[in-house]
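Undergrad: One-letter residues, chain by chain:
Protein chains: 4
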Amino acid sequence: MEKKDKNTAILLMHCPDQPGIIAVITEFIDVNGGNIVYLDQYVDRINGIFYMRVEWELDNFIIPKDKIGEYFDTLYAKRYNLNYTLKFSEKRQRMAIFVSKMSHCLYDILARYISGEWDVEIPVIISNHPDLAVVAKQFDIPFEVIPITKETKAEMEAREFEILESYNIDFIVLARYMQVLSEDFIRRYPHHIINIHHSFLPAFVGAKPYHAAYDRGVKLIGATSHYVTPDLDAGPIIEQDITRVTHKDTVDDLVKKGRDLEKIVLSRAVEKHIQRKILTYNNKTIVFS
Amino acid sequence: MEKKDKNTAILLMHCPDQPGIIAVITEFIDVNGGNIVYLDQYVDRINGIFYMRVEWELDNFIIPKDKIGEYFDTLYAKRYNLNYTLKFSEKRQRMAIFVSKMSHCLYDILARYISGEWDVEIPVIISNHPDLAVVAKQFDIPFEVIPITKETKAEMEAREFEILESYNIDFIVLARYMQVLSEDFIRRYPHHIINIHHSFLPAFVGAKPYHAAYDRGVKLIGATSHYVTPDLDAGPIIEQDITRVTHKDTVDDLVKKGRDLEKIVLSRAVEKHIQRKILTYNNKTIVFS
Amino acid sequence: MEKKDKNTAILLMHCPDQPGIIAVITEFIDVNGGNIVYLDQYVDRINGIFYMRVEWELDNFIIPKDKIGEYFDTLYAKRYNLNYTLKFSEKRQRMAIFVSKMSHCLYDILARYISGEWDVEIPVIISNHPDLAVVAKQFDIPFEVIPITKETKAEMEAREFEILESYNIDFIVLARYMQVLSEDFIRRYPHHIINIHHSFLPAFVGAKPYHAAYDRGVKLIGATSHYVTPDLDAGPIIEQDITRVTHKDTVDDLVKKGRDLEKIVLSRAVEKHIQRKILTYNNKTIVFS
Amino acid sequence: MEKKDKNTAILLMHCPDQPGIIAVITEFIDVNGGNIVYLDQYVDRINGIFYMRVEWELDNFIIPKDKIGEYFDTLYAKRYNLNYTLKFSEKRQRMAIFVSKMSHCLYDILARYISGEWDVEIPVIISNHPDLAVVAKQFDIPFEVIPITKETKAEMEAREFEILESYNIDFIVLARYMQVLSEDFIRRYPHHIINIHHSFLPAFVGAKPYHAAYDRGVKLIGATSHYVTPDLDAGPIIEQDITRVTHKDTVDDLVKKGRDLEKIVLSRAVEKHIQRKILTYNNKTIVFS
Chain H
1 MEKKDKNTAI LLMHCPDQPG IIAVITEFID VNGGNIVYLD QYVDRINGIF
51 YMRVEWELDN FIIPKDKIGE YFDTLYAKRY NLNYTLKFSE KRQRMAIFVS
101 KMSHCLYDIL ARYISGEWDV EIPVIISNHP DLAVVAKQFD IPFEVIPITK
151 ETKAEMEARE FEILESYNID FIVLARYMQV LSEDFIRRYP HHIINIHHSF
201 LPAFVGAKPY HAAYDRGVKL IGATSHYVTP DLDAGPIIEQ DITRVTHKDT
251 VDDLVKKGRD LEKIVLSRAV EKHIQRKILT YNNKTIVFS
Chain W
1 MEKKDKNTAI LLMHCPDQPG IIAVITEFID VNGGNIVYLD QYVDRINGIF
51 YMRVEWELDN FIIPKDKIGE YFDTLYAKRY NLNYTLKFSE KRQRMAIFVS
101 KMSHCLYDIL ARYISGEWDV EIPVIISNHP DLAVVAKQFD IPFEVIPITK
151 ETKAEMEARE FEILESYNID FIVLARYMQV LSEDFIRRYP HHIINIHHSF
201 LPAFVGAKPY HAAYDRGVKL IGATSHYVTP DLDAGPIIEQ DITRVTHKDT
251 VDDLVKKGRD LEKIVLSRAV EKHIQRKILT YNNKTIVFS
Chain C
1 MEKKDKNTAI LLMHCPDQPG IIAVITEFID VNGGNIVYLD QYVDRINGIF
51 YMRVEWELDN FIIPKDKIGE YFDTLYAKRY NLNYTLKFSE KRQRMAIFVS
101 KMSHCLYDIL ARYISGEWDV EIPVIISNHP DLAVVAKQFD IPFEVIPITK
151 ETKAEMEARE FEILESYNID FIVLARYMQV LSEDFIRRYP HHIINIHHSF
201 LPAFVGAKPY HAAYDRGVKL IGATSHYVTP DLDAGPIIEQ DITRVTHKDT
251 VDDLVKKGRD LEKIVLSRAV EKHIQRKILT YNNKTIVFS
Chain X
1 MEKKDKNTAI LLMHCPDQPG IIAVITEFID VNGGNIVYLD QYVDRINGIF
51 YMRVEWELDN FIIPKDKIGE YFDTLYAKRY NLNYTLKFSE KRQRMAIFVS
101 KMSHCLYDIL ARYISGEWDV EIPVIISNHP DLAVVAKQFD IPFEVIPITK
151 ETKAEMEARE FEILESYNID FIVLARYMQV LSEDFIRRYP HHIINIHHSF
201 LPAFVGAKPY HAAYDRGVKL IGATSHYVTP DLDAGPIIEQ DITRVTHKDT
251 VDDLVKKGRD LEKIVLSRAV EKHIQRKILT YNNKTIVFS
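Protein chains in written order, with the numbering used here: chain H, 1 to 289; chain W, 1 to 289; chain C, 1 to 289; chain X, 1 to 289.
Incorrect hints may have been included.
[As the list claims (entries may be wrong)] Under 8 Å between C-beta atoms, here's a sample of chain X residues computed to sit facing chain W:
{"id": "1", "residue": "SER100"}
{"id": "2", "residue": "SER103"}
{"id": "3", "residue": "SER115"}
{"id": "4", "residue": "GLY116"}
{"id": "5", "residue": "GLN138"}
{"id": "6", "residue": "GLU155"}
{"id": "7", "residue": "ARG159"}
{"id": "8", "residue": "PHE161"}
{"id": "9", "residue": "ILE264"}
Rather than coming from a laboratory, the hints here were simulated on the basis of the structure. The beta-carbon is built from N, C-alpha and C at its ideal position, and this holds for glycine as well.
Chain H extracted, bound-state conformation (with noise of 0.2 Å):
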């Protein structure tokens, strides 16, 4: 469980396998004061790519905060031919909930937001559909009612960035939202929108995976989350899980068994998007424990 109160600096960060690597990473936050409180590392051998996360406190760090990744670049970057990103734990991430009609989802994040479960700020939630208004005013937040038709689209996902933009949004978590968001609205946000499908994905892409799970006979019916990118339910897979089913299930039956399902699998990959341990590379992640 994530302490809320800590002073961290968290490392992602990913480059060729070379020898060496974990002890000039390691070394460097020892030397200059750093207390390694996370580290885990992996090596894709197929491809020779080393991937870290490490986690340091920094209170007795010598080097300042806003001068760390300028001695990083300098001292290894180049060298080591790294690739990473720097964040600091007293930053608080801003997240933004798109919805339609559904409140499984929304429930389950709004109750772990408001019990203080996530370290995360919820200031608006976006709907094409005024439905879910009633459970954004139980919690307290403004909700955005942003209809979109075909002809609307591009028109209306330039009024959602707006509002993005304006609460200061960091990533964004489609919560059973029922839009194909665009290529451009998608581009703003690389690997910062997650989506939840309810399938096993790769099986059951697009519209209506219920009733095709349901006609195909399956014994088990899964849910995905995912990054969301251009391609349909195409993007880095974050997190999945299933539940069994049997014949007597009904497709109603099957959408009702999936609402638990999605509604866990959804928060789980927020969760890890939250403590900054997702890494993502050939459009696959790294979740590191």
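Once you have looked at the hints, place chains W, C and X on chain H.
TA: Here is chains W, C and X on its own, set in the frame of chain H:
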């Protein structure tokens, strides 16, 4: 657990749903001295079809075994538009196993067979490669090598069919048999050939599903046992299961983790088939409990 | 999925197993104009007991609703030594929720309730702490604070009972209510109080199961919903589930992972109870599908 | 998947958590020409202990294999208060299997062994019953029958120990061996005897767990593999898993469903042990990925 020495009749039936149908069938069994030891039924309300599996002891049943079908036809089949099969527990089914080079499913099946877990006979194993002859020999089961090439397929399948006939085979289990059977061959054993596909169908149909799963970056891998139909990997699904994987798993790891899934999922399907608990309809299965 | 507007009778029964019992009951329904929409039965062969749940439409049933029990008694109950309950779908059950300070199970229940997922009324929430009044207010449900100490227990439970009576409560859900109910109180609601225990019972009975699980070094943690009986955590189990943990998980992590388990496992049990699909016997449950 | 021909050193270590410890160890490997192929570490923050498994290729390592321990002691062990074991991949471990009458775990292990899935030698199987001699013969492995009674236990265990010594056995797998080993015997193989218990420990310790599970009316049954310690079923847990059961399952059904669980859970534990990925501490395990 099935008792080996029981003497029961097993009726698998479906018909248009209609009032009183359960009463009619159960009364038929009851008034004629049959003791029902199993009854499970299911109504597909959307299509209005009634499905039932009922099993009763024959010891005091006053209708002779070889006349039950006749009586049943006369009294009920036409009147209620019943579609049924009638089986007797004392008839031990005879099962052939088809394999290629991988032994894990074969060992799992033979270990159950030899320990008496299944009420079945396995008189022959057929393979397109000689590699697993040694396993067949361990268990003292005839092993027939029928190598198959595109050119020789028709001829070799004819040879296989001869062998199956000579052993009075009732159904076939493809225990990681790496050949696609011809439509002709499949039609001789309608819903009597069980395959294990190493993916969560309908995801990753066809060859090399673990490679495809790896490339897609899924977080779960699956296995699916199904009856073979002329459409590749599209027959009625009997059983599915999954296991969790992470970014750390290479294709080889998926193959390895998948093996345990494959053998368990295949054996569960074979057991249900042996117990005559599977009814097929509309390219789906009803698997009774 | 349950249709809200259906008008059915639900018979839950058990009796000594005897030939023809299914035929007798189904014929009674059939000849009197009832259309069976659900039938599931189970025979405990070891103890020779027959259990059945049967549900039929009342629209054309010729026996008036308030006479069905009488007819059933006269015709069958004594003759077949039946033990049964008869319920009607149009009677909406009334459920009270007991909570302490944790909100996750409460939110999960209320989100389902408010979205119309469950055919139930929730007229009151009772708590020994004021903390969750704010949640009750979000959903506009009366919230009664009844603080309990060892000294005041009898008096406070009497007060709770008064409230429950005033709201005509049919059954109670303990949604992480951190008080042990007295035997007297429990006996007023036999198998009508559902609890969620945060372990895989019977492992880790009593207080602080996550601490105990951590200390034992288990690789899975569980949650168990059960009917409350005077023996602590020993009532009939309705539903259980587990999630995987590793050596990396602290007690706080177990608590966090456990929350998702608890809410889902509790809600599954509550739903089965609402649907009148649970039969209890010998301190066990039969949960019909 | 383990490559069979690799030449690596495997260091399993723990020590008081201290800044720079990763850098120190990884640098030692790096500067001496070792290429790290695996590193996983874990910090128990509550108790302040650092655990690590690191594996590196020896091909260009400048310290000779038989000197690595000495150098490591001199340079680091005392200074950092390290507790470590050093293993070499080229040393194939030798494993003995103890069985009684049930064959499912034995077959599962031998099928993996014979197919080359595990980098291990199995030179002998020991049993207190002659029943499974036929299985040993199928796989051409010596089978020693050592019948045990209360009176002969000490003597028979001495005989077992002799056999194990004669085969240079490194560790023992109890594949449903139905005898309790003496404390003396266990102390000769500290955390080198792996047992499979047919319950979700700590529920249902001791004899007949499936009967106890049936009596309690659980909805899931489990299996637990653990290192054997003198306290019955209380040693460090390596792996656990569960499967769903219902009120329909008799004790015999639980036994049958449990068999699949037992064999898979035991084999997963044995594999982790073979790969030297298990570290024990405080009666718990750290199982590296």
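Undergrad: Hint by hint, work out which the structure violates, then give me just those numbers in ascending order.
TA: The structure breaks hints 1, 4, 6, 7 and 8; every other hint is satisfied.
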